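Protein chains in written order, with my numbering: chain Z, 1 to 890; chain L, 891 to 987.
Hints in this document: simulated from the structure, not taken from any laboratory.
Keep in mind that the hints are not guaranteed to be accurate.
Said to hold, decoys possible - As a list, the in silico BS3-like pairs of lysine-lysine whose alpha-carbon atoms are at most 25 Å apart:
no. : chain 1 : residue 1 : chain 2 : residue 2
1   : Z       : K785      : L       : K916
2   : Z       : K444      : L       : K916
3   : Z       : K432      : Z       : K451
4   : Z       : K596      : Z       : K576
5   : Z       : K782      : Z       : K596
6   : Z       : K576      : Z       : K782
Just so we're clear, the structure is a prediction, and the values are computed from it rather than from any experiment.
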Amino acid sequence: MDRLAPSPAEVLDRTRRLTFSLDGRALTAFNGDTVGSAMAANGVTITARSFKYHRPRGLFCMTGACASCLCTVDGVPNVRSCLEPVRDGMRVRRQNAWPSADHDLLRAFDRGSAGLPAGFYYKLGQRPRFLWPMAEPVVRRVAGLGRVPHDRTPQHADRITLHVDTLVIGGGRAGLIAARDAARAGKRTLLLESRPELGGRLRSSTRPVNGSGLPAYQIAAQLDGEAREAGVEIRLQTPAIGVFEGPLVAAAAPDALLRIHPSEIVVATGALEQPAMFVNNDLPGIMLAEGVDRLLTLYGVLPGRRAVVVAYGQEGQETAASLRAAGAQVQVVNPPMETVVRAIGGARLRAVVIESRTGTRQIPCDLLVIGGLLAPSTNLVAQAGARLRYDDAAHWFVPAELPGYLRVVGRAAGQPRTPACSPPTPVPSHGKQFTCLCMDVTVKEMAHAIKEGFDSIELLKRYTTLSMGPCQGKACLQASVGVTAHLTQQTIAVTGTPTARAPWTPVSLATLAAGHLTPRKETAMHDRHVEAGAAFMWAGDWRRPHHYRDPGAECEAVHERVAVIDVSSLGKFRVKGPDAVALLERLYPGRVQDLKVLRIRYGAMLNDQGVILDDGTICRLGDDEFYVTTTTGGTSAMDQWMRWWLADWGLNVELVNLSGGFAALNLAGPRSREVMERVCAFDVGARALPYLAAARGDLAGVEALVLRIGFVGELSYEIHVPSAFGEHVWDAIMQAGADFGIAPFGMEAQRILRLEKQHVIVGQDTDALSTPYGAGLGWMVKGDKPDFLGRRSLEIARETGPAERLVGFTIEAGAVPPEGAAIIDGNRPVGRVTSSRWSARHQGGIGLGWVPSAWAEDGHTFEIVYDGRRATAKVALQPFYDPQGKRLRS
Amino acid sequence: MPLLVPCPGCGAREVAEFSYGGESNKRSAQDAPPSDLARYLFFRRNLAGEQVEWWYHRDGCQRWFLARRDTRTNVFAQTSWPRETASPLAGEGRGAG
Chain Z
1 MDRLAPSPAE VLDRTRRLTF SLDGRALTAF NGDTVGSAMA ANGVTITARS FKYHRPRGLF
61 CMTGACASCL CTVDGVPNVR SCLEPVRDGM RVRRQNAWPS ADHDLLRAFD RGSAGLPAGF
121 YYKLGQRPRF LWPMAEPVVR RVAGLGRVPH DRTPQHADRI TLHVDTLVIG GGRAGLIAAR
181 DAARAGKRTL LLESRPELGG RLRSSTRPVN GSGLPAYQIA AQLDGEAREA GVEIRLQTPA
241 IGVFEGPLVA AAAPDALLRI HPSEIVVATG ALEQPAMFVN NDLPGIMLAE GVDRLLTLYG
301 VLPGRRAVVV AYGQEGQETA ASLRAAGAQV QVVNPPMETV VRAIGGARLR AVVIESRTGT
361 RQIPCDLLVI GGLLAPSTNL VAQAGARLRY DDAAHWFVPA ELPGYLRVVG RAAGQPRTPA
421 CSPPTPVPSH GKQFTCLCMD VTVKEMAHAI KEGFDSIELL KRYTTLSMGP CQGKACLQAS
481 VGVTAHLTQQ TIAVTGTPTA RAPWTPVSLA TLAAGHLTPR KETAMHDRHV EAGAAFMWAG
541 DWRRPHHYRD PGAECEAVHE RVAVIDVSSL GKFRVKGPDA VALLERLYPG RVQDLKVLRI
601 RYGAMLNDQG VILDDGTICR LGDDEFYVTT TTGGTSAMDQ WMRWWLADWG LNVELVNLSG
661 GFAALNLAGP RSREVMERVC AFDVGARALP YLAAARGDLA GVEALVLRIG FVGELSYEIH
721 VPSAFGEHVW DAIMQAGADF GIAPFGMEAQ RILRLEKQHV IVGQDTDALS TPYGAGLGWM
781 VKGDKPDFLG RRSLEIARET GPAERLVGFT IEAGAVPPEG AAIIDGNRPV GRVTSSRWSA
841 RHQGGIGLGW VPSAWAEDGH TFEIVYDGRR ATAKVALQPF YDPQGKRLRS
Chain L
891 MPLLVPCPGC GAREVAEFSY GGESNKRSAQ DAPPSDLARY LFFRRNLAGE QVEWWYHRDG
951 CQRWFLARRD TRTNVFAQTS WPRETASPLA GEGRGAG
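Given the sequences, and given the hints that come with them, work out the whole structure.
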């Protein structure tokens, strides 16, 4: 490591050495170093290879703005190494190079760049057409930034919502003062800073500040202290990425996405240093002034021994002084009298060519500093809806017409007035001059694109990808606009800037996905299913057993003996109150009023179009108390639906969603009563507990609600107990049924069994147009009730009759067309298969599907087309199994 | 989803906690002609300006309420429970009861 003498302004702890690797080579750093500063201290000048041409790039802005130092850190691609603190043992790799960043053979693309003109990806290999499949993988391989890791290292980011009075974006001088003053005025104040330290430009400057006699970095420390003391909450390394309506500000903290709701926003994002235009303006060794200051002051690194400083303004002069003080030889170039026209070098800058009225001269150097081309950072202000106005004195756009909640302070507002330097224009010389370093866009390509007609800044941006790279214009906006204006011979004001959009700073996918959790619900009996070797599937948010063994064997266990399925995911609601009957009478098309206590009715809920939304059972527990179930998938929608009408009607009803609180299991099969007798302390006989009756009582020591209903077509009991006892009850039933050969069954067997009974699954067999009449559920509609949801629509629908009907069918020759297959009349699709399975009982394919109403008669044959084949099916209006329902009711 | 929604029970919360129920819409009477039914079921005013609409605080108090919101600015002028008779929004629900 090559360092300057320790200074009180530095951020290093020189007593702690850290070791990290760069492309496998071990390097040392001090605690406090960033990857970028450590590379510079170790003499590494190439930090990356460029996007398209694989040109060597070095540290350029050192402020996190540009893309020249993006590295892969511990497998995470595109990390801004200039801001990323070094940790012991960190593995850093430079990107987009083969075989290495120092010797990149793909540099050939630079020399042969005539083959990569503007918009090359729209043209290359597109004609003849067959070439593209070959060209595309090559383009993808050689162009780009870091690689997406293949090991799927899970990354997690939290989502944090913050409500503050004042949000200050930017922790430089103006931001610290604004935050301090807001906090002192009693406002809850949050300050966001993208860098690892506060103070902005002051922090890396050692010049004495007028009047105070203190060096700038100490003023920064003072303001920092005052802000903290005033109670400002400070978040470092947390760039604001967007301002949205509300206002809502999104910011990317190191491991969280912040969603900030401020009453007031103060934008103090400062001014961004802009590069100059000349040939080879991207060589390693060319840097912006603030980056040089940061290396010198914060990290004690001298980035070059022979420096040329192009001083567009005061900043350049100060950096020149700092370099001299650090022991470098410095020559200052003063535009516009003198201009840099060309940089010379290979892997590193060797010399610059300067042109002035007196002639051209070449200066050998290893560092070229561009100082003082400043553009107010107005992206976030523009995102917030402010209009930008071209300011003649600033030669640039300044915020105007701000929304009421927003203030812009400091250099972002163009204050103090930055020296009048017009945006850079290209030099009339051959060789690559880069407008956009991120995407490798040169002046020549822009000229080419403009000639092709892409002559507005917005079109030019899209066609050339100018300013669309990781810097999002931070390090190229002014040059982009300046060069465009120059090439189109327009003014800067007319050329304008491209629309500002989020994200202003690149963010990781983990940050974008923050807070989007996929809930995973497991029932109380989940561990038992795992022990029994269940294969699980998703049912909404639930993990449910698809099968434990062969589903056909599971069906046989239900038909022949006894089996049990976990149905805890069903929606379960308690509906209680003086108006409970009135509510249910209006929510369901069937009658509820005359339902006796501990009796059950099937019920489907409809919307006012008469379309089936969901179905389940209604069990009356008392005069004004009901237990209502819904489908697994419909639980939350029905919760919301029922509450909506409850609110609108203003009925006196308590609706409690018990879905998570109760476990449920369905014990089914001819021997299920015998199992129940062993575990229940109450009468479960056919007389005491007939079909569609319910009982409450002690089951295996637990207060249970038992419903005699049967989705799977055999004698069966649906048992509801508090979730805490789910596993206990499951165990008790498995033990009690052991002699009978009890076995668990999964959803696949349940689906076969219900299909054999032609029981409809709402949402699978029905869709957003299905009425009870079409779905064969017309029997439950009691049109003589004065009102229920869907009543008026059904009244009209009934007169015309359904155009399509849902019918059962058998399929010939053992075929099982997939669900969704088309039902055809000749060659015209007229319906579709909604459910289909192979039934061992029936020894053939069976299904449910929608057909023209005229076909809905037993024995009508029709054709189904699938996978280019045709199968013949025959309508069967009666269930395939136990059509009279004797077994169900036994 | 930027804006804050003022729930009459819980105060201003992120819109992500809510479900939007659409503009309030009078339910047609049971003996109304089919044209009235069709208007209720399928037609919306789609106002550019202040409208009364339904919101549900799904991840909060789980209650539905009515709100008067300007569709152009997302400014909520008022919110209230649908049956709050003292509220200027009283009777703005579907009025089915």
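Tested hints:
1. K785/Z - K916/L: This hinted pair holds, its Cα atoms lying about 21 Å apart.
2. K444/Z - K916/L: Outside the cut-off at roughly 64 Å; violated.
3. K432/Z - K451/Z: Holds: K432/Z and K451/Z sit about 18 Å apart, inside 25 Å.
4. K596/Z - K576/Z: It holds: about 15 Å lies between the C-alpha atoms, which stays within 25 Å.
5. K782/Z - K596/Z: 18 Å, holds
6. K576/Z - K782/Z: Given that 25 Å is the threshold and the Cα spacing comes to 23 Å, the pair holds.
Checked against the numbered hints given earlier, the structure breaks only hint 2 and satisfies all the rest.
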